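Starting from the known structure of chain E, arrange chain A on it as the hints suggest.
Chain by chain, the residues run as shown.
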Amino acid sequence: MEILQALINGLLIGGVYAVVSIGLTLVFGVMSIINFAQAEFLMLGMFVAFFCWQYLGLDPLLGSLVAFAVVFVLGTFVQRILIERVLHAPEVAQIFLTVGLLIVLENAALIAFGSEFRSVRVPYQTWAVEFGGLIVGVPYLLAFTISLIAGASLWAFMRFTWIGQAMRATAQDPTAALSLGINAKLIRRIAFGLGVGMTALGGAVILPYFTASPTVGGQFVVLMFTAVVLGGLGNVLGAVIGGLTVGVIQTLSTLVLPIQLQNLVLFVVFILVLALRPEGLLRQK
Amino acid sequence: MKRTPTAKASVDSGRRGLLAAAGAVTAATAMPSLASAQPKAVNVGVILPLSGANAQFGINSRNGIELVAEEINAAGGIKSLGGAKINLIVADGTSTPTTAANVAQRLITQNQCVAILGAFASSLTIAISEVTERRGIPLLTMSFADQITGRGFKNVFQVVSKASVIGRAQFDDAVAIAQAAGEKIERAAIMYEDTAYGTAQAKGLRAAAAEAGVELVMDDAYPLGITDVTPLISKLRGSGAQMVFPVSYLNDSLLLIRTMRQQRIDIPAVGGAAGYVIPDFVKGLGEYSEDILSISPASHDLAPELTDRFRAKYGYFMVHEALEHAVCMGVLAEAMEIAASAEPGKVRETLRSQRFDKGWSTAMTGAVRFDETGLNTLAKPVMVQWQKGELVTVWPKDLAKAPARWKNRTI
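Chains E and A, in that order, are what the protein sequence lines are. Counting along the first sequence from 1, when you hit position 105 you're at 105 in the numbering used here, and nothing is skipped either side. Plus 1000 on top of the position in the second sequence (first one is 1) and you've got the numbering used here.
Next up, chain E with everything else stripped away, as it sits in the complex:
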């Protein structure tokens, strides 16, 4: 029973890790660039949803759509103005740019929003559903559900729309895609916007159980990278499985070890995967 409860908790929190990580892996898949600033877009998403709640009374779960839209637009500009310039630059330049972006975003948020923690208040924050002795927190359940819907929508978008197919084509072979009349620059802007938008959405849906602050990204960045590498960099389905795995490992480890060590267990697994299956849990053909 205890194991089942931990498993459920792990999957619920892992679902959010998954949607947050999809963004990171999408950007890498389309552009082969690792965006170290990705977690800062999660922070921005949290703040957009928070202000929607504070000034418009919008529930953070609905606010997540606004967060997605705002950060999507911001992302297309970041791609056009900054990322596009380093696409063919040495990796060091790419790392410098995205790490620099991380520092700028975090400190700009500190100046604009102040350093205090901000928390929303919604009625279902303290609700739980109970069945057969298992307790499932409603905010976790809702965050998981929205993440699931968002993930599925992205999948459908990539699979069935022309833009989605063009995006996958650009990822596979930019030159060939270009020769087929695909505007690769535009596709990359959309891809980057979608990537950071998904992460922002993930930030917004956790607002009912997590406080927003300018430095919140730091708490997610390592989890995100772990999830993405576990599933195989650039693989969207891999990010989903990686995210769920991270959540489950975190909660299952607390059954036998102190909660302080939950991330230790996670990183031991991470290192083992890197050593034994460096291509990730899912082998990409």
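Read the hints as simulated data drawn from the structure, not as lab findings. All values derive from a computational prediction rather than experimental measurement. Ideal Cβ positions, reconstructed from N, Cα and C, are used throughout, including at glycine. Careful: at least some of the hints might be erroneous.
[To be verified] Sample of chain E residues facing chain A (criterion: CB under 8 Å; computed from the structure):
1. 6
2. 88
3. 116
4. 117
5. 126
6. 131
7. 142
8. 209
9. 254
10. 258
11. 259
Only chain A this time, still in chain E's reference frame:
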């Protein structure tokens, strides 16, 4: 081209020298009459974390100190010094002890501060105290750490109780309240964030539990940036504890209480100050903050006539760090008034030998008296409780402003 600037410079310095000499003469003759009309302001250094993770607490503290200084100046300054005004020199101690120590050095040598107030975080205060001890400048603080007054320093003054005393009071007062409600506590749980603050306070809790013969059925540390406390709360649910002592900052305190409510755990929670006694706690939890207890080194409702001025000016109740820093400022001003001097050595001797019971010195427990280590012997932690969205002192009984509530019953 090259010669001209040099020549000009020498002319300039000559002219400046002359001017300075003339100025000095004028000043010297004018001085006596000027001094009686406008006494020299007394510089007081204030070092607080105004940036970084503790900035909010630093700003609250600064508000408290500024309020008191403004009031004293408006009432005519330090009377025994001919109405000298207090001139605060506020500096950011950041979150790094080395920076805080450098700032202290600068305040003493460049600004001739008579005393220093600060610095909220114990790690910063300890670093500053080494500088002030060397220079013989009084340092007044509200940091809790035991070692602040535990090192035989002569120039440090701690207006609040030590961390170990506060941890012990958190436990003992809670057990006493339970007893008054007719419940005997046999099993309790503690959970704490694993940085210096949580760890130190958990130590006090553990010692008090051992002494009271209460079994700790759960004693868990958790990382400060925790994202999901469900495992902790599941464990708490299975532990059979009659009450829980969480020691947390804000984010984790909100998570813990919400998750407890989700899992319908209604055993009393007794927080360890920090996250549990600030306006953001009730803002984040609303009605779910109701009846939650916390220990606090001081409480605003014990001196409403003073602390209401803070609320009027800043729009929120006078949180304990603001209150205790205000007391630091009040005691310092009163000491200078008694000593009729702004000389650090004389102020220190007055601080060590006198009892302070006027103005803001009374805001905590009516008076302040330091022992030979510099610890305020009259300080006493109190138990506070959220009742109808307000933080109210409920224990010990002789200080209580309202009866405590235990499991939906007023006792």
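Query - Hint check, failures only - result: 2, 6 and 7
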